[in-house]
Structure formats: C-alpha cells, structure tokens
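Protein chains: 2
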Amino acid sequence: MREIREEDIGAVAEGAAVLGAGGGGSPYQSALVLRRLMRQGARVRVVDASEPASDEVGPILAGMGAPTVGIERLPTAGRFGHLVEAVGRALGRPAGFIAIGEIGGGNAISPLIGSAESGLPVVDADPMGRAFPELQMNTYMIAGLRPQPLLLEDAKGVTALLEHLPDARTAERYARALTWAMGGGAGLVLAAVNADQVRHLAIPGTLSLAEAIGRAMERARRRHAPTSEGVAEAVAGTRHLFYGKVVDVERRTAAGFARGTIRIEGLGSRRGQELRIDFQNEYLIARTGDRMEDVLLAVPDLLVLLEEESGRALGSEAVRYGLRVDVLGLPAAWEMKTEAALAVVGPKAFGYDVDFRPLPGDLLGRAAVPA
Amino acid sequence: MREIREEDIGAVAEGAAVLGAGGGGSPYQSALVLRRLMRQGARVRVVDASEPASDEVGPILAGMGAPTVGIERLPTAGRFGHLVEAVGRALGRPAGFIAIGEIGGGNAISPLIGSAESGLPVVDADPMGRAFPELQMNTYMIAGLRPQPLLLEDAKGVTALLEHLPDARTAERYARALTWAMGGGAGLVLAAVNADQVRHLAIPGTLSLAEAIGRAMERARRRHAPTSEGVAEAVAGTRHLFYGKVVDVERRTAAGFARGTIRIEGLGSRRGQELRIDFQNEYLIARTGDRMEDVLLAVPDLLVLLEEESGRALGSEAVRYGLRVDVLGLPAAWEMKTEAALAVVGPKAFGYDVDFRPLPGDLLGRAAVPA
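Chains A and B, in that order, are what the protein sequence lines are.
Counting from 91, one number per residue, gives the positions in the first sequence under my numbering.
Counting from 91, one number per residue, gives the positions in the second sequence under my numbering.
Don't read these hints as lab results, they were simulated from the structure.
Computed from a predicted structure; not experimentally measured.
It is possible that part of the hints are untrue.
Not everything, but these chain B residues come out facing chain A in the computed CB check (under 10 Å) [claimed, not checked]:
#, residue
1, V136
2, K246
3, L255
4, R266
5, W270
6, A302
7, T351
Beta carbons: idealized from backbone N, C-alpha and C, even for Gly.
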C-alpha cells in the first residue's frame with residue numbers, strides 16, 4: 091500500500107499522456123480536479139494487483155467519449171464517486187477497490203478521482219497498458235468477462251445502468267450511442283471485477299509505470315535533454331521512429347470517435363520523407379508509404395508524439411499544423427500481443443490489412459512471456 | 091374491473107390503429123403475442139383510472155422506436171413482464187398496476203402484454219388519446235412529471251435503467267439514441283406514476299374508446315358499410331376530409347424516426363385536388379396547398395388514413411403507392427388542446443408556422459372542458 095500525493099499527480103499525468111498513445115483524453119484537466127480534491131483532504135491509496143481480498147469486488151472506472159469533446163469539458167467532480175456508489179447498489183454490496191479501465195490519458199486520472207471521492211484504494215494495474223478506443227479492447231473483455239453491470243453518468247448527473255449485455259461489442263455500441271447523446275463524454279463503469287480477475291487478467295504495475303515515465307521525463311527536462319530520453323529510460327524497448335513537422339491534420343468526429351490522418355514532414359535525418367499516422371482517438375498506424383514494409387508501427391504497439399517545445403505527449407485532439415514532433419514507438423505489454431488479443435486490438439481489428447510486426451520487448455520490461 | 095378476453099383483442103387493435111394516427115407501430119403483430127399469452131392462460135384485467143389505491147405505483151409502458159422497424163420484429167414475449175419487475179426493483183417496491191403510455195397503434199397492446207405477463211391490472215386511460223412520436227408529448231410530462239425511473243429493454247433482454255433525468259426532452263434524446271443502437275425498437279417504461287397522477291393527469295377511458303372504435307368498425311363491415319362510418323359512430327366529432335389515391339411517398343428513417351411526406355390524388359368529389367400529409371411516425375399535418383387556409387388538419391387533432399379495401403387504419407410505415415384511402419380527422423381530447431399541451435404537441439412544436447384550428451368537440455365526446 092502506498093499513496094499518490096498531490097506532488098505525484100503531475101508525473102502520473104505526464105506519463106499517462108505518453109501511454110495514451112494519442113487517446114484517453116487529456117490527463118491535465120482531470121489532474122486539476124484531482125488536485126482540488128486532495129487539497130480538500132481526499133487521499134488516494136494504491137494497492138498492488140495481488141492485494142484485494144478474494145471476496146472483494148470493484149468497478150472498472152474510465153471516462154468514455156471522443157477526446158475532442160473532453161478538451162471542452164472539465165470532468166464533473168463527484169461523478170466517479172457517484173458511479174462507485176451506484177455500482178455497489180447494483181451489485182447489492184459495496185465495492186472494495188477501484189480498478190483502472192485504461193491507463194492512457196485522462197483515463198489514468200479518472201479512477202484516482204473515483205478513489206479520492208470514495209475512499210477506496212485503486213489497484214496498480216490496467217487491462218491495456220495504454221489507451222484504446224473501444225470497450226471490447228482490453229484484457230478483461232478479451233478473456234470473456236461480461237460488461238456487467240455497465241454504468242454511465244453524464245455531466246448533469248444522469249445515470250444509466252445497463253444489464254444483461256451479452257458481450258463487450260454490444261456494450262460498446264450501446265454505450266457509445268448513449269455517450270454521444272449525453273454530449274459526447276460520460277463517466278463509465280465498464281463492469282465489476284473480483285480480486286481474482288484483477289490479479290489474473292489485468293497488466294500489473296501500469297499506474298506505477300505511468301508515474302515512472304513522468305518522473306523520467308521531468309528528470310530529462312531538468313538536465314535540458316529531450317523528454318524522449320526520459321521515456322526511453324522508463325521503457326527500455328522505446329524506439330525513435332521519426333522527427334518532423336505536422337503539415338496536415340484531416341479530422342472528423344464520426345460515430346462518437348475522433349478519426350483522422352496526420353501528415354508529418356521529416357526534418358533532420360528524415361528530411362524528404364513523410365510520415366502518415368491514422369487515428370481513431372488513439373494513433374493506430376504509422377507509415378512512410380503504401381507498401382507493407384513502409385509500416386513503421388501498428389497497434390497494439392504504442393505510437394507516441396512528443397511535442398518538441400513542451401516535451402509533452404500530444405493527444406490526437408491536440409495535434410495541429412506546424413507542431414514539431416518526435417514520434418516514438420513503445421512495445422505493447424505482452425498481454426496485448428497474444429493471439430486472442432491481436433484478434434481484438436491488432437491492425438486487422440482496425441481494418442488494416444497489415445501483419446503485426448511487434449517491436450521487441452515488453453512495455454514493462456518483463457523478461458519472459460508466460461505461456 | 092372488467093377483463094379483456096381473446097375475442098376482444100381484434101377490436102382493441104383495430105381501434106388502436108385508428109387512434110395511432112399513423113404511428114404507435116402496428117397493433118396486429120403485438121396482438122398475436124397477446125393472443126398467444128391468453129391461450130396459455132394469461133388474463134388481462136382492466137380498471138378505471140379512479141380504481142388504483144392511493145399508495146400504489148405503476149410503470150407507464152410503451153414500445154419505443156420507428157414504426158418502420160416495428161414491422162420487421164415481433165415484440166419479444168416476456169419483455170414487458172421483465173420491465174414491470176425491473177421497475178419494481180428500481181423503486182424498491184412492486185408495482186400495483188400498469189399505466190398505458192400511448193393508446194395508438196401497437197402501443198395500446200404493449201401494456202396489455204405487460205398486464206398479461208405480470209398479472210397486474212391495466213388502467214383504462216392514457217396520456218395522449220392517440221400516438222405521438224416523442225417522450226415529452228404526453229399529459230404526464232406536460233404536467234412536469236419527471237421520467238423517473240426510465241427503463242428500456244431490447245429484443246435480447248438487455249435492460250437500461252436511466253435515473254436522475256432532468257426532464258422529458260433529455261429522456262427523449264437519450265432513450266432515442268439507445269433505442270436506435272438497440273436495433274431501432276425497445277420496450278419502454280417512461281416513468282412510474284402513482285394513483286393520483288393517473289387519476290388527475292391521464293385521459294380516462296381511452297382503452298375502452300379503442301375497443302369501441304374497433305367494435306363499431308366491425309359492425310360497419312358486417313352491414314357492408316365503409317369502416318369510416320364505424321369510426322364516426324364511435325367518435326362523434328369525426329370529419330371526412332379527403333378521398334383519393336396515394337401517388338407518392340417520400341420516406342426517410344432519420345434520427346430514429348420514420349419521417350416523410352405522402353401525396354394523395356383526389357378521387358370522386360375531390361378529383362383535381364391533391365392532399366399532402368407530412369409524418370414523423372404519426373401524421374402531423376394535411377394540406378391541399380401552401381396557404382394557411384389550405385391546412386385541413388394539424389396536430390394534436392388526429393389524422394386517420396383508412397385503406398379502402400381492408401377498411402383498416404394505415405400506419406405511416408404501411409402507406410404505399412396506389413392505395414385508395416379515406417382521410418378522416420378526429421378531434422383531439424381536450425387535455426391535448428390546453429395552452430400548455432399545444433406548446434408541446436401543437437403544429438409549432440413540430441416546426442410548422444401554422445395556428446392550430448381545432449376540429450370542434452372532444453375525442454371522447456365529453457361535453458365540458460374543465461377549467
């Protein structure tokens with residue numbers, strides 16, 4: 091058991107922005123809400139994935155919506171605390187812990203807000219090791235967990251409890267439609283999980299990883315080095331893929347997602363080349379041309395755009411003409427690279443007729459991949 | 091207390107199709123489900139609006155969705171019974187009666203299915219005296235009742251419980267989006283009402299009126315008279331507006347509604363004239379030209395299209411080229427013609443810059459309009 095304190099929030103947010111791989115919403119606005127709660131005395135306790143007692147259950151918390159919406163709305167204080175109470179009522183017993191739904195972007199902070207508001211500890215683990223745009227794209231759902239109960243809460247406190255959902259794809263469709271009607275953003279309980287499910291299905295240590303990445307980026311800044319050095323320090327498998335200037339962003343918010351394509355003109359050693367990145371909230375694929383061998387990286391590996399001046403990771407909603415960016419690739423956690431996972435989060439699941447050629451290694455630097 | 095028996099269903103359905111004014115979904119398919127339940131021993135008891143005990147509450151039941159969807163799906167047996175149970179769980183106490191959400195079309199039958207499945211009596215009253223396309227368009231919501239709790243159930247048994255909705259228009263937006271994601275049709279509990287609310291806000295006797303209209307149409311058929319005579323017998327204020335042939339139907343299912351325009355070429359004494367009817371699920375306005383005085387009838391008064399050959403009322407989803415139709419106008423119940431009601435269900439609420447010029451009289455033939 092440890093605690094996240096006010097002075098840790100900045101590092102968690104900065105690292106979560108990296109793990110967002112373009113999505114998950116801005117962590118900086120959520121961080122403001124969390125800071126305010128902590129100044130009012132709220133505390134956020136963190137436990138390891140092995141710590142919840144075997145009879146405990148907890149809600150998987152996240153925010154839902156296109157990040158283009160998120161940048162216009164501060165998360166409503168109280169929403170995640172309400173959701174924790176509502177899941178307890180739906181289950182007929184109070185929750186014992188908070189599970190993170192997605193460690194990328196603002197969704198790393200939402201469960202901490204839920205923890206601060208409910209007093210329940212948050213588990214240092216998540217089911218993606220990054221952000222992904224759809225509800226079926228996480229280790230819980232890939233393993234067949236049903237989204238039960240699913241809860242949404244809008245900015246005005248309207249709650250929706252969905253039950254008897256047959257599968258995560260139906261949950262995705264229904265929750266997406268409702269979130270869109272709610273104005274584009276909502277607080278989400280994806281399901282309730284028990285201690286065993288967290289221990290065996292989630293990727294352990296990803297909240298600590300977010301903080302470690304943020305700390306390493308802070309250290310790099312202090313020594314006037316690029317923040318990409320910090321990222322590489324915290325994630326051993328990091329590759330520098332490209333450096334250049336954003337020359338075009340084609341953007342459309344369609345069917346509840348921010349979709350589009352970014353074109354980056356190479357600078358320095360990349361002069362004369364162009365990188366094209368498609369996104370659906372998250373960055374999906376980076377290509378220098380149309381041939382198979384031109385694919386530099388594809389999901390589930392992480393594409394990270396670090397803006398040169400601030401050194402911060404850019405969400406897809408914040409990319410704009412003229413920004414200079416370093417494009418990094420980070421290897422996904424091994425849990426996202428199993429055959430079952432690739433069927434849900436690999437390039438083909440996003441409509442790309444491209445084989446997944448993984449970066450070597452594991453997001454968390456774990457040596458062996460369990461059978 | 092009386093009972094609706096298997097041999098009454100046909101008349102209720104036929105009359106409900108008239109009161110549907112083009113919407114509410116086909117009652118004939120729902121009638122099949124109800125007949126099957128009755129053959130299995132289920133009973134439907136009917137009570138007057140004054141009969142529920144003052145401490146009882148009941149769900150307002152209806153189906154939600156575009157009628158174009160309804161014609162492709164039989165209502166799922168069990169859905170309305172589930173909804174009655176679910177509303178009891180949400181309220182913390184069992185329902186004591188079933189309230190009809192909309193007496194027009196299939197929505198007249200859905201509450202009877204809910205009654206057959208739950209064993210609870212259905213109240214002979216509804217909050218429209220017809221069908222209307224949106225959730226705020228009924229006397230309960232016009233009087234300020236909150237849609238609490240709102241429940242939806244899809245064809246696969248997925249339930250959604252929406253709480254803390256601030257108003258009926260928000261309920262409409264959220265429920266419409268979700269129903270659309272659910273495949274276009276869902277069972278709905280619009281709210282729970284208590285006995286006082288049913289007694290003071292609903293329009294009494296409309297289930298009996300549907301049956302009376304159906305019986306009078308049956309009698310007209312037996313004497314080889316047009317069914318329009320039967321309708322006029324049951325509803326004293328009925329006007330014959332037009333007779334002709336459908337020559338064009340422009341149809342689009344947009345934003346969860348079946349919208350469009352029907353053109354009818356006059357026959358007989360109407361030869362040389364054309365009637366244009368706009369619909370949004372229900373028929374909204376009938377015009378012979380573009381001037382104010384060309385409006386023959388507008389909401390909330392009821393437009394009814396009786397197909398010549400079958401004598402049946404046509405839902406907007408069933409109108410097609412070549413059908414010969416009598417177009418009738420029925421005066422709305424006075425509850426739909428108050429200033430507060432017209433702000434929600436009058437022509438202007440549907441975007442028509444047209445004054446409401448009511449047909450004389452009251453749908454139920456009541457002499458005086460209470461102050």
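Hint check:
Taken as an interface hint, V136/B does not check out: its beta carbon lies about 31 Å from the nearest beta carbon of chain A, beyond 10 Å. For K246/B, the interface hint holds, the least distance from its beta-carbon to any beta-carbon of chain A being 6 Å, beneath 10 Å. Satisfaction of the interface hint for L255/B is found here, the shortest Cβ-Cβ separation to chain A being roughly 5 Å, below the 10 Å cut-off. Given hint, R266/B at the interface with chain A, holds; its Cβ is 7 Å from that chain's nearest Cβ, closer than 10 Å.
Among the interface hints, the one on W270/B holds; its C-beta lies about 6 Å from the nearest C-beta in chain A, closer than the 10 Å criterion. Hint status for A302/B relative to chain A: violated, with the closest Cβ pair at about 39 Å, above 10 Å. The beta carbon of T351/B is not positioned within 10 Å of any beta carbon in chain A (closest approach about 27 Å), and the interface hint is therefore violated.
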